[in-house]
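Enquirer: So the sequences go chain by chain: A and B. Residues in the first sequence are numbered consecutively from 179, following the working numbering. Residues in the second sequence are numbered consecutively from 3, following the working numbering.
These aren't lab readings, by the way, just hints derived from the structure by calculation. Each hint should be verified, as a subset may be incorrect.
What the hints assert, rightly or not - What follows is a list of derived Cβ distance ranges for each label pair:
hint, chain 1, residue 1, chain 2, residue 2, range
1, B, Asp74, A, Ala297, 21 to 29 Å
2, B, Gly42, A, Glu294, 30 to 38 Å
3, A, Ala315, B, Ala423, 37 to 45 Å
4, A, Ala315, B, Ile358, 39 to 47 Å
Using N, Cα and C, we set each Cβ at its ideal position, and we do this for glycine too.
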Amino acid sequence: MLEIKNLHVKLEEEDKIILKGVDLTIEAGTVHAIMGPNGSGKSTLSYVLSGRDGYEVTEGSATLEGAELLEMEPEERAAAGLFLAFQYPVEIPGVGNMTFLRTAVNAQRTSRGQDELSAGEFLKIVRQKAAALKIDADMLKRPVNVGFSGGEKKRNEILQMAMLEPKMCILDETDSGLDVDAMRLVAEGVNALRDAGRSFLVITHYQRLLDHIKPDVVHIMADGRILKSGGPELALEVEQNGYEAILAEHGLSGVLA
Amino acid sequence: MSTAAKPTPVEARLATLDLPRGGAFAPARAEALARLGAMGLPGRRDEYWRWTDPASLNAPAAIPAKPLEINDEAPVFDTVDRVKLVFVDGVFDAAASDAPELAGVEISRLAEAADLHWAAGLYGALETAGQKPVARPFAALNTAAATDGVLIRVTGRAARPINLIYVHNSEVSDPILHHVIKLEEGAELTLLETGPAGARFNKVMEVDVAKAARFHHIRVQGRDHERRAITHIFARVGEAALFKSFTLTANGMLTRNECVIDIVGNDAMAHVAGAALGDGATGAFLHDDTVFVTHGAERGESRQVFKKVLKHGAVGTFQGKILVKPGAQKTDGYQISQSLLLDDDSQFLAKPELEIYADDVKCSHGSTTGAIDETALFYLRSRGVPMEEAVALMVISFVADALGEIEDEGLRDEIQSRLEAWLARHRG
Numbered sequence: 179m180l181e182i183k184n185l186h187v188k189l190e191e192e193d194k195i196i197l198k199g200v201d202l203t204i205e206a207g208t209v210h211a212i213m214g215p216n217g218s219g220k221s222t223l224s225y226v227l228s229g230r231d232g233y234e235v236t237e238g239s240a241t242l243e244g245a246e247l248l249e250m251e252p253e254e255r256a257a258a259g260l261f262l263a264f265q266y267p268v269e270i271p272g273v274g275n276m277t278f279l280r281t282a283v284n285a286q287r288t289s290r291g292q293d294e295l296s297a298g299e300f301l302k303i304v305r306q307k308a309a310a311l312k313i314d315a316d317m318l319k320r321p322v323n324v325g326f327s328g329g330e331k332k333r334n335e336i337l338q339m340a341m342l343e344p345k346m347c348i349l350d351e352t353d354s355g356l357d358v359d360a361m362r363l364v365a366e367g368v369n370a371l372r373d374a375g376r377s378f379l380v381i382t383h384y385q386r387l388l389d390h391i392k393p394d395v396v397h398i399m400a401d402g403r404i405l406k407s408g409g410p411e412l413a414l415e416v417e418q419n420g421y422e423a424i425l426a427e428h429g430l431s432g433v434l435a
Numbered sequence: 003m004s005t006a007a008k009p010t011p012v013e014a015r016l017a018t019l020d021l022p023r024g025g026a027f028a029p030a031r032a033e034a035l036a037r038l039g040a041m042g043l044p045g046r047r048d049e050y051w052r053w054t055d056p057a058s059l060n061a062p063a064a065i066p067a068k069p070l071e072i073n074d075e076a077p078v079f080d081t082v083d084r085v086k087l088v089f090v091d092g093v094f095d096a097a098a099s100d101a102p103e104l105a106g107v108e109i110s111r112l113a114e115a116a117d118l119h120w121a122a123g124l125y126g127a128l129e130t131a132g133q134k135p136v137a138r139p140f141a142a143l144n145t146a147a148a149t150d151g152v153l154i155r156v157t158g159r160a161a162r163p164i165n166l167i168y169v170h171n172s173e174v175s176d177p178i179l180h181h182v183i184k185l186e187e188g189a190e191l192t193l194l195e196t197g198p199a200g201a202r203f204n205k206v207m208e209v210d211v212a213k214a215a216r217f218h219h220i221r222v223q224g225r226d227h228e229r230r231a232i233t234h235i236f237a238r239v240g241e242a243a244l245f246k247s248f249t250l251t252a253n254g255m256l257t258r259n260e261c262v263i264d265i266v267g268n269d270a271m272a273h274v275a276g277a278a279l280g281d282g283a284t285g286a287f288l289h290d291d292t293v294f295v296t297h298g299a300e301r302g303e304s305r306q307v308f309k310k311v312l313k314h315g316a317v318g319t320f321q322g323k324i325l326v327k328p329g330a331q332k333t334d335g336y337q338i339s340q341s342l343l344l345d346d347d348s349q350f351l352a353k354p355e356l357e358i359y360a361d362d363v364k365c366s367h368g369s370t371t372g373a374i375d376e377t378a379l380f381y382l383r384s385r386g387v388p389m390e391e392a393v394a395l396m397v398i399s400f401v402a403d404a405l406g407e408i409e410d411e412g413l414r415d416e417i418q419s420r421l422e423a424w425l426a427r428h429r430g
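Next comes chain A alone, as it looks inside the complex:
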C-alpha cells in the first residue's frame, strides 16, 4: 500500500534536517503504529506524506499503490486515497461542516471520474456515519470545527475519514487532548473502518491508544529514523521502560536530554 524508501527531508526555510532516511512499508489491510519521543520527526513524516508546504525532500521516495506521492499536490494525494487526521484540526468560520464535507467528497469523486453525490444521497450517508460517531445534527451544521471541544474535533476528523473512505489513513496524535471516553469513541470509529483494502499509520506518544486500535506492527522513531520495529509488545515495552534503552542501543542517549 504505502512504501517509503530512504526518505530525507529538511525544512525549506532553514538548514534543519528532520528526516534522515526513513524506510517503511505498510501492507494493505494492516495497522502500523509509530511511537517516539518529541522531535523525532513523526508529525513531519505525516505532513510530508500529505503534501504540506515548508518541507524539502532531498532524497528518497514515497509511493501509494505504486504512484509517487511526493510529486502530487495535496488534493491529488487525497484523491489517490491518502488521508491525514490532523493533530490540531483547523477551524474554518463561516463554512458549514456539511458544506465542507460535501465539497470534499464530491471533489474527490469528480477527480476519480465518478458522479457527484446528490444532496439527498449525501445527507443519508453523512447522517448514518455521524450517528455512529455520536455527532449530532447541530455539529454538522456548525462551521467547521468552530467551537468544537477537543473530542468533537477528533470525532469530526474520523467522520471525514469515514466519508472519504481513503485507502491509507494517517492518524497524527489523534489521542492528544482526549479523555478516556472520547478516545474509545474515536478508536471505535477507526476500527469500524478497518478492512482488507485499507491501511493505517497511527502516530502516538502513548501505548494507551494502541489498546483500542490494535496495531500489527509498531515502529520506534527517533532522530529522523525508524530505529526499531516489532509487534504490539514493543509498545508495551516502551510504556514500561521508556525510550532510553532503545535510544542507547543506537547511540542516541542525548536525544531526550
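Fit chain B to the supplied structure of chain A, relying on the hints for placement.
Expert: Just chain B now, with coordinates in the frame of chain A:
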C-alpha cells in the same frame, strides 16, 4: 470690461447640470447649493480623500463606461417577491417598474412630488446634519442637483421589500438620485438596491427611523462594471429602533460608499456592513468605505463590519469612526475592517477612529490585513478540495461575518450565491 475668471471646480461641475427648479424641495436645494459653494469640491489634499482620488468624481463629465451585458446570471433578487422600481441611467422607467403600491407604505417620486409633501422637511435635513464635523461635498451637490429619486413613508409593516433597480445602458450616463425614507413609529421595511446605475453615479439616501421602527437595507452594486460611484447614506435612528445596512460590491472602477449614522434615541441599534470583491485585472478597482457613527443616546449598539477581498492591484480603503457624545452611557460600539489579499499586488488602507466623551461605554475596533491562512488551505486541500475551490471556501469564510449581518436567510443566500459566482468568474 473684465476678463472671465477661470471657473472653480464647483462652477465647472454645475455648468454641466440642469438644476431642478421650484416645488417642495426648492428651499432645501438652494440651501444645499450655497453650502456646496462654501465648501467646494474635495481634492486629493483633503484628509478625508487622502486615499481615494476624487478627480473622476469631481470632473464636469463622467468618464465613459461600457455597460455590461449579463446573460449568464439572473438579475439579483429575481426570485424575491418585491416591489420593483426601475431607473435606467437615472431615469425612472415606469413600464419596467411595478405599481408603487404596498400596504402601509406611501411611495412617490422626487421628480413628481407635490408642492406640499411630507418629505419637504426631511429632504436635505439629514444630509445637512451629516456635514459636521466632516464636509461631504458630493452629498451637498446631490441635494442641490438630484433629478429624481423615491420618497418612501412607511407607516406599517411592509409585507414585501422594495427593490430599487439601477440599470446602466448609456456609456456616458451620470445620474444623480436622492431618496428619502421615513419609517414612522413601529414601522418596518426592507429596501433592496441593485445594479450599477450609470457610468458615474451620485446617490444620497436619507433614512429616518422613528421609535421602534426597523429598517433593513441590502445593496448589490452591480458586477464587474466599469462604473464609478459616490454614495451616501444618512440615517437617524430613534429610540429602540433598528437600522441595518449591508452592501456587496463586486468590482467597479471606483466606489466610495459613505454611511453616516446618528443614533438619537435610547436603546437603538445600528449595524452597517459590507463585503467588497476587487479584481484589478478588470481595469482598476478602488473601493472606499467611509463610515461615521455618532452615539448621542444611551445604551446604543453599533456595528461596522467591513471585509474586502483584493487581488491584481486592487485597492481597498476603510475610514471608520465611532463618536460617543457626552451622556451616551452604556454605548456598545464595535468596528472591524479586514482585508484578504489574494496576491502581493493589492493594498488595503484603514483608518479606524474612536472618539469617546462618555465614561461608561464599551467601544472597540480592529483592523487586519493578510493572506489566506496556509494551514487552513492545506487542511481543505488535504481533504481533496482543489486549490481554487479551497481558496473560494476561504474567501467565503473570510466574508462570513459581514454576510451574517443580513438577517433574512433567503436574501443572505442570494448574496452568498452572487459572491460564489464572482469567485468562479475571477479564478487565478
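Enquirer: Does the beta carbon distance between Asp74 (chain B) and Ala297 (chain A) stay inside 21 to 29 Å, or does it fall outside?
Expert: Taking Cβ atoms as reference, Asp74 (chain B) and Ala297 (chain A) lie about 23 Å apart, which means the hint holds.
Enquirer: Measuring from beta carbon to beta carbon, are Ala315 (chain A) and Ala423 (chain B) in 37 to 45 Å?
Expert: violated (29 Å)
Enquirer: A range of 39 to 47 Å was offered for this pair. Does it hold for the Cβ distance of Ala315 (chain A) and Ile358 (chain B)?
Expert: At 44 Å between Cβs, range holds.
Enquirer: Lying within 30 to 38 Å: is that true of the beta-carbon distance Gly42 (chain B) to Glu294 (chain A)?
Expert: For Gly42 (chain B) and Glu294 (chain A) the Cβ distance comes to about 59 Å; the hint is violated.
The structure shown violates the earlier hints numbered 2, 3.
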